[in-house]
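> Each chain, written out:
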Amino acid sequence: MDKVVRMSSEKGVVIFSKSSCCMSYAVQVLFQDLGVHPTIHEIDKDPDCREIEKALMRLGCSTPVPAIFVGGKLVGSTNEVMSLHLSGSLVPLVKPFQANLF
Amino acid sequence: MNSTSTHFVPPRRVGIYEPLHQIGMWGETFKSNNIGNGNMNTPSHIIIPNNQKVDNNLSEDTSHGTAGTPHMFDQEASTSRNPDKIQRRLAQNREAARKSRLRKKAYVQQLETSRLKLIQLEQELDRARQQGFYVGNGIDTNSLGFSETMNPGIAAFEMEYGHWVEEQDRQICELRTVLHGHVSDVELRLLVETAMKHYFELFRMKSSAAKADVFFVMSGMWKTSAERFFLWIGGFRPSDLLKVLLPHFDIMTDQQIFDVCNLRQSCEQAEDALSQGMGKLQHTLADCVAAGHLGEGNYIPQVNSAMERLEALVSFVNQADHLRHETLQQMHRILTTRQAARGLLALGEYFQRLRALSSSWATRHREPT
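Top line first, the protein sequences correspond to chains S and Y. Using the UniProt record's numbering, the first residue of the first sequence is number 1, and each one after it goes up by one. Using the UniProt record's numbering, the first residue of the second sequence is number 1, and each one after it goes up by one.
Honestly, the hints are just simulated from the structure, not real lab data. Any given hint could be a false lead.
[Stated by the list, open to error] In the DSS-like style, the derived pairs of lysine-lysine whose C-alpha atoms are separated by at most 27 Å in a straight line are:
| hint | chain 1 | residue 1 | chain 2 | residue 2 |
| --- | --- | --- | --- | --- |
| 1 | S | Lys45 | Y | Lys280 |
| 2 | S | Lys54 | S | Lys95 |
| 3 | S | Lys18 | Y | Lys211 |
| 4 | S | Lys18 | S | Lys95 |
| 5 | S | Lys54 | S | Lys73 |
| 6 | Y | Lys104 | S | Lys18 |
| 7 | Y | Lys104 | Y | Lys117 |
| 8 | Y | Lys211 | S | Lys54 |
| 9 | S | Lys73 | S | Lys45 |
| 10 | S | Lys3 | S | Lys73 |
Take these sequences, add in the hints, and give me the full structure.
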C-alpha cells in the first residue's frame, strides 16, 4: 500500500501504533531510552486504518501494531525488537538516528 | 458411587414386607456400585435410592410396586392353609436378613475407609497450603465463589508445573553431581541443552495458562510465597537473574565481561519499557472501570469495555517470558559450556532456596519457643 510505503520510508525509526495499544507505548519508551525519537503513526486515528492494518500484516507483521521500521526497512514487532536489543544488535541499527544531544 | 441408604427411602408399609424391601435395596446397592475401587473423585456424590428393581433371589411372592395391601391379604390367606410354606418363607426371610446384614456391614466398612481417606487428603492439603504452595481452592473461599481450578486450562497447568519442579530438582541434582566430578564437554553440553529446554518448556506452559486465565499467571499463585515477593509480570526479573549469576563466574574474558554488562543494561532497558507499558495499561484500565457515573449501580458497559482491555495483559505476560527466554539464550551464547552449567546450577539452587524460604516462613509459628 502506497501510504504505508511512504510513511514507513520516513527517516529514522517509524512506529505504527494505536492510541489504545500499551505495547506500542512500551516499544516507544524503549527507543526513547536509547536516545532515539521515533515517528509515531497512530493508525486508529487514520481513516484508512483497516487498509493500513492489512498492508502491515501482508508485509509480515504477526500483529499490525506495533510495527517498527528503521531506515525504511521493516524490523518487525515487539518480539523482534526485544530480541535484537538483548543480542546487542538494536543499538548499532539505530545509531545513525540517535539524537546528538544527550 | 451409586448406593442406597435407608435414610432416603420414603417410609413403607410396616410389617412383614419391610425386611423384603430392605433386602431389595441392599441387593441393588451391590449389583452396580463402585464403592471400594478407590474411586474418590466424587466423595460428596448424592446418594440416590434405587428401588425400582427387585432382587431376583427373593421368593416368587415379592411384589414390584406400591400396592402392598392385596399382597398382604394373599399372604395371610396362603399361610393359614400351608404350614410348610410358612416354614419355607420364614427360613427365606432369615437367610435374606442375614445376607442383608452382611452386605450392610461391608458397605459400612467401605464408608469408613473412604472417610479415613478423605480425612487424610484434607490433612495433606492443609500441610501443602501451609508450606506456601497454592493448592486448588475448591475449599478456599475465593471472590465470587469462583475456584481457579474450575478452569481446566489452569488445573492442567498446576499439575504440569508440579511435575516441572520435580524434574527441575532432578536436573539440579544431576548438574551438582556431575560438576563435582570429571565430565566430558559433550556430556556437559547435553545437560546444559536439557536444562535450557526445560526453562523454555515452562514459558510454553505459561503461555497456554495465560490464554486460560491471565490473572492467574500474573498473580504468581502457582509459585511459593517468597518467589512471589520477587514477581515481575508473572515471573522472575531477567536482570535479577544476571545479578544472581554474575558473581559465580570465576574467570571471564574481557569480551565476556563486556558482553554480560551490555546484556544486563539491555535487560534493564527492556524491563523498564515493559513496566511502563504495564503502567499505561493499568491507567487505561482504571479509567475504563471508573468511566461514567460511579454510584448509579449500573456498570455493565464499563465492565464490558474493561474486558476488552484485559486482552492486552496476555501480550505483556508473553513478552515478559520472551525477555526471560532471550536472556537465558544470550547467557548461553556468551558463556562456555562449563560456565553455563555452573550458571544453571546456581540459578536452579537459587530458586530452590527461595522455595525453602517459603516453607520455613510458613511453618515458623509451629516451632516450640
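> Hints first: check each against the structure and report whether it holds.
Results of checking the hints against the structure:
1. Taking the CA atoms of Lys45 of chain S and Lys280 of chain Y, the gap is near 19 Å; set against the 27 Å cutoff, the hint holds.
2. Of the pairs offered as hints, the one joining Lys54 of chain S and Lys95 of chain S is violated, with about 30 Å between alpha carbons and a cut-off of 27 Å exceeded.
3. A hinted pair counts as satisfied when its Cα atoms are at most 27 Å apart, and Lys18 of chain S with Lys211 of chain Y qualifies at roughly 23 Å.
4. Restraint check: the Cα-Cα separation between Lys18 of chain S and Lys95 of chain S comes to about 26 Å, which is no more than 27 Å; the hinted pair holds.
5. For the suggested pair Lys54 of chain S and Lys73 of chain S, the alpha carbons sit about 18 Å apart, so the restraint of at most 27 Å is met.
6. Of the pairs offered as hints, the one joining Lys104 of chain Y and Lys18 of chain S is violated, with about 71 Å between alpha carbons and a cut-off of 27 Å exceeded.
7. Between Lys104 of chain Y and Lys117 of chain Y the CA atoms are separated by roughly 20 Å; this keeps the pair inside 27 Å, and the hint holds.
8. A distance of roughly 25 Å separates the Cα atoms of Lys211 of chain Y and Lys54 of chain S; the hinted pair therefore holds under the 27 Å criterion.
9. Distance check on the hinted pair: Lys73 of chain S and Lys45 of chain S sit about 23 Å apart at the alpha-carbon level, within 27 Å; holds.
10. The suggested pairing of Lys3 of chain S with Lys73 of chain S holds, with an alpha-carbon distance near 15 Å, which does not exceed 27 Å.
Checked against the numbered hints given earlier, the structure breaks hints 2, 6 and satisfies all the rest.
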